[in-house]
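Undergrad: Chain by chain, the residues:
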Amino acid sequence: MLSVDKVVKTYETVRAVDGLSFEARPGEIFGLIGPNGAGKSTTIRMIMNVIAPDEGTIRFDGKAFSEAMKERIGYLPEERGLNRKVKVIDTLVYLGVLKGLDPADARRRAESWLERFELSDWKGEKVEALSKGMAQKVQFIGSVAHDPDLVLFDEPFSGLDPVSQDTLLDAVLELKAKGKTILFSTHVMEQAERLCDRILLVRKGRELVSGPLAGLKSSYGTNSVQIEYDGDGSFIAGLPCVDGVRTMPRWIEASLADGHGSDELFSALSGRVRVRRFQLMEPSLHAMFVSLVESSGDAGTGVADEEAANA
Amino acid sequence: MRKLPAIIRYEFKLMAANKAFVILTILGPFLILAITVLPGLLSMNPKALSGGEPIAIAVSTDAPGGTAAMYAAFETAMSSQGRGVEPLPLDDEAIADAKRRVGSGKLAALVVLPAGWAESGATLYTKTGTDAVLYGTVERVVDALARESRIARSGVDPDVARDLARGVGLSIVKMSAGDREEEGGEGAFLQTLFTAMSFVMLVYMTTLLYGQMIGRSVVTEKTSKTVEIMLSSVSPRELMFGKILGLGLAGLLQYGVWVSLALVLSKLLMPLLGMAAPSAIAPGNLAWLVVFFVLAFFLYASLYAALGAAAEDEQHLGQLAWPVLAFLIVPLVMISSFVSNPDSPLSVGLSLFPMTSPIVMLIRVLIATPPAWQLATCLGLLVVSVYGAAAAAARIFRVGILMGGKRASFGEMVKWLRVR
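Quick note, the sequences are listed as chains H and P, same order. Heads up: the first sequence is residues 1 to 311, going by our numbering. Heads up: the second sequence is residues 1 to 420, going by our numbering.
In case anyone wonders, no lab produced these hints; they're calculated from the structure. Don't take every hint at face value.
The calculated label-pair distances, taken between Cβ atoms and stated as ranges, are [claimed, not checked]:
| hint | chain 1 | residue 1 | chain 2 | residue 2 | range |
| --- | --- | --- | --- | --- | --- |
| 1 | H | Thr57 | P | Pro283 | 15 to 21 Å |
| 2 | H | Glu282 | P | Ala20 | 38 to 44 Å |
| 3 | H | Glu67 | P | Val333 | 42 to 48 Å |
| 4 | P | Pro283 | H | Gly56 | 38 to 44 Å |
| 5 | H | Glu67 | P | Ala17 | 25 to 31 Å |
| 6 | P | Ile23 | H | Gly159 | 34 to 40 Å |
| 7 | H | Gly179 | P | Ser409 | 44 to 50 Å |
| 8 | P | Gln319 | H | Gly124 | 36 to 42 Å |
| 9 | H | Gly124 | P | Leu325 | 38 to 44 Å |
| 10 | H | Pro249 | P | Gly318 | 51 to 57 Å |
| 11 | H | Gly159 | P | Ser409 | 30 to 36 Å |
Here are the computed lysine-lysine pairs in the DSS-like style, where the Cα-Cα straight-line distance is at most 25 Å [to be verified]:
| hint | chain 1 | residue 1 | chain 2 | residue 2 |
| --- | --- | --- | --- | --- |
| 12 | H | Lys87 | P | Lys99 |
| 13 | P | Lys106 | H | Lys123 |
| 14 | P | Lys99 | H | Lys85 |
Examples of chain P residues lying across from chain H (beta carbon under 7 Å, computed) [said to hold, decoys possible]:
| hint | residue |
| --- | --- |
| 15 | Lys3 |
| 16 | Ala6 |
| 17 | Tyr10 |
| 18 | Ser224 |
| 19 | Lys225 |
| 20 | Glu228 |
| 21 | Leu231 |
| 22 | Ser232 |
| 23 | Ser233 |
| 24 | Val234 |
| 25 | Asn285 |
| 26 | Asn341 |
Since the structure is predicted, the reported quantities are computational estimates derived from the model, not experimental observations. Glycine residues also receive a C-beta, built at the ideal position from the N, C-alpha and C atoms.
Chain P on its own, in the form it takes in the complex (with noise of 0.2 Å):
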């Protein structure tokens, strides 16, 4: 392994000098920003989240405590979605007209409250049927506005009344192993999702994109036969483990880049635009970041280079690339599921299983810290495949290179496993 520092170098001033490269490493921080950033600022600005149409009201005039009472209520609960209320006459004509703009999407919604609503029910209407904000608030406003009418009607003191039907407040505190207690809030599962989305599309991301540059890497030399010169000078293990190492560190670099800047914003940037930094973000979390991305890196880098060895051109490659490309993707479609139950034996098993392990284990840290044993274990798995992986690929590369013009199956790269 005495000329592994050369490979290392060499491959890895290739892929820095590359310009996609240059360009991800310098755009990446703006899309974390983007993505991190974006929910605290449509919170800021609610409009641009719900689109800002006004809803209409329509009331009958006997409504408990006049109308205008009715549509200031509205007003206050719809505010918080930027949208305004429009009051209308209760008559057949303005409601036609106001069905039509809902139907063009002028407005958001119709809200009729005809006579006796409070006991015989009221009607939205809608485009989309969809939009669960808009009617939970609504049928809150409702609610509370029908409760205010019977409690009149019933004359029970107004206080006694809302005394009885007072909340107890739920407050939400995440208890990690250390008995560190950390505030939550409504937000926590939003901003810890959207969090856990960003990283993970990181990880998958350039995973699959370093991946399948060694892949690509590979069969392009296996096809112009600059491996066979390769390998007179150095056993396929170091070539192998070299170009691993060397684009590694390439994508570490990248991810130095990210961090250090994306630490940098939330520090500087963000209290700037008057918003705490997510608490996802921090630098234990990010940490965690660079250490599954980096075994996450190495064992599907290891993966892509025997597929590589064993593809006769890139399509090929694609081919063979598939079930590999799976796993990559089930913890992506099932990421909600991790985030809301990270402990679930669903969970914790692909946190543990190597292939999936690198991305639903950084979930379960950016929510709540795991068990020793799991993390330990999820490492251990993960080194230990990582290098199993490398020696199966240089192997495989080495019997691969002599099988040009061959379309190898999944059998046959078993038993190249074997060849001496």
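Chain H with its partners taken away, still in its complex shape (with noise of 0.2 Å):
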């Protein structure tokens, strides 16, 4: 279990992580999520002790970090960057021997994770041969062939196609069912919603509230329908059960009043309008972040745009 208990670091006058505490678990999916610049990376950067934080402890099983624990981690950071002249497998070995593991062992290693993303014919080539997205596979083998304990993503896919991503999902829900205690760090909240059994929301290097995913959504979420229909729906905006309409251009979301319950909309809708589809939205982690942004008084959620650009 990884146990960071309220870290502090600044560098020279921006506090870049201001009293974090969390924890994350074996077998479980720990999301970091915030805007570009909230602190996390430099919270992953105490973890893996690069940085020692100025205030605050980070654990792991209950020890203090050190160098040797380093081989009980792997990190698959942001930005992506292999070495472009050397050979693919050279490569993995070279990570794996820094690792702790002994050549023959880190080159079995590598072989056989390349066979999984059936990369063994380009094992031979040099990185800068390959597309993005094989990198990137190369790069995430890097990460977990000495089998860590702890597992660091940092934005793990971003920049991948569809079957890439399903791929790398597949292979990090397997670490997940082996017990690894895995962490994962994004902006884009809809990645976390998917992968995430807790998330801790930063902003600004401060905690806006952390927990389990579901536990979260039912207490922040404010309830909503979405509401596929034929005919004339002008008459749904005025029912007393329906606090507002967002009037989106294939369907409408309703969100409903307190101390109203969706069945009591279903009703009201039938025989009026042709309904195609019902269907009772749990807020979105966005919704969520976006409102918990407000509520703390504090204008510019820094969300909006980390999407738009990442869309």
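Build the complex: two chains, separate frames, hints provided.
TA: So this is what it looks like as structure tokens:
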């Protein structure tokens, strides 16, 4: 188990991380979520013992971090970087050896992972010959081939095609099944929603909220319903059980008034429009983040821009 | 530091597989040979140095001993420079024509000795005005001839006069601290200067080359974020030391190839060419060359690594590297002053100051063995500076990678040293 306790890191005048605490447990995927510049990377660097926190402690399985513990950590950085002039297999063997494997073992593991990702034909090629997606898979292999107990993924899926995303996703879920502790850092809320068991939303180095994803959603959510229908639905906005309506091109999103259930709305619709889809929506992480930022009385979430840039 | 060997091996392989490295390793010895053998070859073939254009001499017919004797004296003196002598009649037309030929470079010089020249003086016409060797020779010949003519005029017995004018003859013997005597000679300064220059150029070029390579490698890793993966496995210090040692090993291999080839060539090839190997290329001096290369390399590699860690991109690295480069260039510019005065306070000072000491002390060692305490101080200071610079590089590196997209100043780099 990874325990981060009241960690603070200040660069000159900026408090990059300001009293963050969380625990990531074996067999679960913990999401460190927030816009760029929220302090995620600094936190990860402190976990990897690249820099020391100014205050607070970081422990793994109850022990303070040391250089030796780096062998139990796997790290996939946000920006991929491998030496372009080195052969794929040599790169992976080197990364393995740096994690304490002996060269023969490192080679064997690298080869079996390459096979799994259907990259065996490329092992003798230089990294520069690989496509972006292939290079990313190679880097993923580099971060997990030594069978680490704690894996840190920084934006593992960004820029990957859907097929590659699924391949990596399967591998991540397999690690989770094997009881590894997985820390997943991202600013893409949708990805966090798909993967994480528990999350910590960070902004400007501070915690906005943390906890199990499901529990957070039900406690922070505003209940809303997506309705696709044929007919004139203009009356819906005026219903007592409806708080407000957003009209989308192909459907509307109605938020329920406090104390009213979705069944009430559904029965109000029957007979007046022909319903093709009626779906109770959980609040998205995105919506949660926005509402949390708004309620903290601080304008400018930084998320909308980030996501637009990543769309 | 358990993984240090793996990092060293990786960086070494990366370097040794580099095409530029292989080419330089193979071409290096030929470069050294060219620089060290060239002066020797040139002294065997004086025309190559002087260009070999003849000089014209217009002499009045009242010359003592006749014009033929004068021409003979000039011919003997000029032969060492591979120049011929062209006799000219002393008339205006011939002289005007010869002046034109001097102007167009067909004649190296025109010497005019008018009637009564031994008292009133002679004139030398030349195009460049800078060929000191030529002027010196001509002056010696003219002076000697004038002396002869004055002796003849004074009626003193020529043998007595010559005996009075005879020089003593100064032989130069090099003394080292161990009371060892070495024959030196007139050629020693030039030969030592050439050897010192080639050694210094070698150290300078390789230090600069490897230093910049390390700097670039660090910047590239920093910008490509490879370094973050590395730091998730090893400490910044291990990574930094591994890089520097790995590249240093590659550099040593290169020097090993060079030195052994230089030894083989000077032992086998030079006798074939009928030349003695320059005494400065003795095994002892080659060992010093390697020692000072290693220390210079480690010092500058560490400094460049630190700058690479602070730089935003390669261009920025170039700007930051200026002050460092200046320290490498200073001893290069002052090399002949160090060769002439190896024990001057300036030479001693710069041979102790770590950033210039590898080059300056190398020059001093080549010329005359410096006092042991100076050598020891120089080496001690260098080793301490190397360790300090490498440790500082590791710290700057660690903080520098976190400060992506920021153009650090030297002040900021100093601040980074204190970050935990």
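Undergrad: Of the numbered hints stated previously, which ones are contradicted by the structure, given in increasing order?
TA: 1, 2, 4, 12, 13, 14, 25 and 26
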